[in-house]
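Student: Listed here are the chains, written in short residue letters.
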Amino acid sequence: MSDVPLLEAEGVSHTYAGGQVGCADVGFSLYPGEVLGIVGESGSGKSTLLSCLSGALPPSRGRVRFAVRGQGMQDVFQLSEPDRRLLMRTDWGIVHQNPRDGLRMSVSAGGNVGERLMAVGARHYGDIRSEALDWLGRVEIDAERVDHLPRTFSGGMQQRTQIARILVSQPRLVFMDEPTGGLDVSVQARLLDLLRGLVRDLGVAAVVVTHDLAVVRLLSDRLMVMRQGRVVESGLTDQVLDDPQHPYSQLLVSSVLQA
Amino acid sequence: MNALQPAGSGAQFHSIDGVYNFAYLDEQTKRMIRRALLKAVAIPGYQVPFGGREMPVAYGWGTGGMQVTASILGLDDVLKVIDQGADDTTNAVSIRRFFNRTAGVPVTEATTEATVIQTRHRIPEKTLREDQIIVYQVPMPEPLRKLEPRETETRKMHAFAEYGLMQVKLYEDISRHGEITTTYDYPVEVNARYMMAPSPIPKFDNPKMHAMPALQLFGAGREKRIYAIPPYTKVRSLDFNDYPFEPQQFDAPCALCDAKGVFLDEVILDDKGDHMFVCSDSDHCRDRRAEGHMGPRAREAAEKGYGADQ
Amino acid sequence: MYVATKGGDAAIENSYALIAEERRGDTAVPELEAAQIREQLGGAVDRVMTEGSLYDPDLAALAIKQAQGDLVEAIFLLRAFRTTLPRFGASAPIDTAAMTIRRRISAAFKDLPGGQVLGPTYDYTHRLLDFTLAARGETPPVAPEDDATDAAMPRVADILGHEGLIEPETPPPGPEQPYDLTREPMQFPASRDQRLQNLFRGDEGFLLALGYSTQRGYGRNHPFAGEIRMGTVQVEFTPEELGFPIALGEIEVTECQMVNQFKGAKGIAPQFTRGYGLAFGQAERKTMGMALVDRALRADELAEDRLHPPQDEEFVLSHSDNVEAAGFVSHLKLPHYVDFQSELVMLRGMRASAEATQKEAAE
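Protein chains in written order, with the numbering used here: chain R, 7 to 265; chain V, 49 to 358; chain H, 1400 to 1762.
Mixed in with the good hints, there may be bad ones.
To be verified - List of simulated lysine-lysine pairs, DSSO-like, C-alpha gap at most 30 Å:
{"no.": "1", "chain 1": "V", "residue 1": "Lys282", "chain 2": "V", "residue 2": "Lys217"}
{"no.": "2", "chain 1": "V", "residue 1": "Lys204", "chain 2": "V", "residue 2": "Lys217"}
{"no.": "3", "chain 1": "V", "residue 1": "Lys308", "chain 2": "V", "residue 2": "Lys352"}
{"no.": "4", "chain 1": "V", "residue 1": "Lys174", "chain 2": "H", "residue 2": "Lys1732"}
{"no.": "5", "chain 1": "H", "residue 1": "Lys1662", "chain 2": "V", "residue 2": "Lys217"}
{"no.": "6", "chain 1": "V", "residue 1": "Lys320", "chain 2": "H", "residue 2": "Lys1758"}
{"no.": "7", "chain 1": "H", "residue 1": "Lys1732", "chain 2": "V", "residue 2": "Lys320"}
{"no.": "8", "chain 1": "V", "residue 1": "Lys204", "chain 2": "V", "residue 2": "Lys78"}
{"no.": "9", "chain 1": "V", "residue 1": "Lys204", "chain 2": "V", "residue 2": "Lys194"}
{"no.": "10", "chain 1": "V", "residue 1": "Lys204", "chain 2": "V", "residue 2": "Lys87"}
{"no.": "11", "chain 1": "V", "residue 1": "Lys204", "chain 2": "V", "residue 2": "Lys282"}
{"no.": "12", "chain 1": "V", "residue 1": "Lys194", "chain 2": "H", "residue 2": "Lys1758"}
No lab work stands behind these hints: they were computed from the structure.
Bound-form chain R, shown alone:
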């Protein structure tokens, strides 16, 4: 792993118009190829934090910086709009909890996966199609579904299509919002296995937000536990899960064991 961080959060805080605190004073550095898990129950602020980190919501205070290709560390919210939009389409990816938010439901699987290539100038239909087929294969979707609409796919397949659609541009950073939410347990396991393999093989850095400790146990190298907008504990995933220090982390871990 390199010494230069890929993503840096400094004092990231967001308070909503009505006064509710979304998140407060979150800071960390993420290195290339590293996977960071953010866990908490609903209301913990993890979704707000994800929105700030992924460029969707400007924080009320603090900074989010990313090592933009050819420009060095840049404040994500100070980038020009075209630069930010380009970043979101190439070097970054967001895996949405609901695949409908991350896919074009009336565009075929092949079209969905090929879009990022076409967005940056790919103009050979045959090449685009074979690359799309390649990626669909890597996420274990049958080649004969390439022209089908995601509407006809199962939840797990839609999620995998979303992942292929993002990875085709070989991003260096992927954000995942409850990637296994809404899926059957057996389907979840298969998806997590796939994600872990892909993330390792491609050296992608990731920020995974979830309430499910099993997800972070499998995917993430490091972990942050959030409660009421603040980070109450952070450290290596195994350490935090096997030996939680903060009372809230202990509660979280033990409730999973009991369930």
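Fit chains V and H to the supplied structure of chain R, relying on the hints for placement.
Tutor: Showing chains V and H alone in chain R's frame:
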């Protein structure tokens, strides 16, 4: 046909004090439109918003083209108006009458005699010259509208040259039908920068737009946008390298004048499905017949002893 | 032998003659005068003035006569006429607080300074066709009442405003001159002045339906009719040469202030919110629909999620103009046979390929 038609009686064209400005619009409005036209020519293919006015003709029936024409017409211009390629379609007649009465400029059906040609849905077959201007009537100026209904978003897509979505649409066509299925209003890239809607001309006419010697102006009255292609500008129809753009082909020549390589209209002759194909460009067809060319139907009729059609 | 039909000119001239005949109808029946329309069909005249964006009851009446009663067509006539008029400036804003009231009601209060003035309204009529109107009846003149309208008639919104109960109407930040939709194209996102101008000249039916939908759950905002007032206001203009305002005349307007769902935020005490409607003449249905839609479109300002069509700014404002809508919908009557031919060529080609493939597969 070059006759100046005398101003008619119709209640349509009397203003409250009996006098309209030349070509109906007041000079300030024309100036505003000309400023928009200059911006449009300076940024080929870019849609310039303009303060379009209500015209005495309904939105969707040519008000944008008419506002552009009204702003550029001068006393020594000669105007041709076509719709579907023909001078005698009812709306073309109506628009021609409008300008004849409010501007008094000579009107013509001969493409070669016109200095300003206002058109709906076709480009004339004869190559236009540097001293001519063609004004297109545009219903939907935004080429991305069917893919993205929001104006706030399509504006950004043009500003940042984010045209991937259109390429996805073409990809979908090929994956579903084996070819790109857009046959008219086929999107183009102008001057290697802006994506543009050429108006609902058949894709057959797209190649004519490339490096045309004449100035091409586009008016969308209802949507209030003006755009332009300066003379000799690069215009490329969107495609894939391995699925290149192809204009339509017609199997047979014009049944009346034998023209090949022109756009043909299908005319149904009886209820048993007998049909024939004739030039969409009425002026072109008439010229060729005057020169003595005869298509298959015309020859048939001559052999049977029917009089030559005019 | 096929001969291309000519004679478009003659057909057009003939169509003018035919509509003139239709417009006149049975010549045994007396011809309608524009003055009769102006005097006796005020509802139509008011709508045509509002959506035509031109206050002139005589011209509106003429347009209605010329359009044979088709109000959208009459509105078009007025708009086209407006294009030809020179503009010499902008008046001062009209002051509805100084209105000479003919009708004024509030659903929010039982009684209020100046009282509830029922005035001329169809609200409490029983909708029974009155066949005495079919005959040329003379209606007895109504004895003029004491002018109760001399009493002070402060606006309900101002009354609530004194206590700070309702949000103040503050102009949006930006240039001082309001946007002029009759001269500039719509811009998105739209400022409130642009939106209100668009809604003012917007189709009554469209706004009514959208307003109705908010009441049925598509963007509910708990409206109360704070006040509806109808009457005449002065129009004042300051010519450059004089440097002081002069009165140009009076116009009749209807104004509706809706009082809506209150909003608060941390540190800011909650207040009622507002929706505004205005129209020429007596046009309550229009102003009420407009006020409901105005409030719905303020979703962003009031931190509400845009979930429903009446809250969708681009959707509402792009389709409210019936002159644009009528034009584009009816343009489908124009020949489209060149494009249709293109589609036919493509379709025939695709079917031929499909047949060929099927044949191959069969062999």
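Student: Need the list of violated hint numbers for this structure, in ascending order.
Tutor: 5, 12
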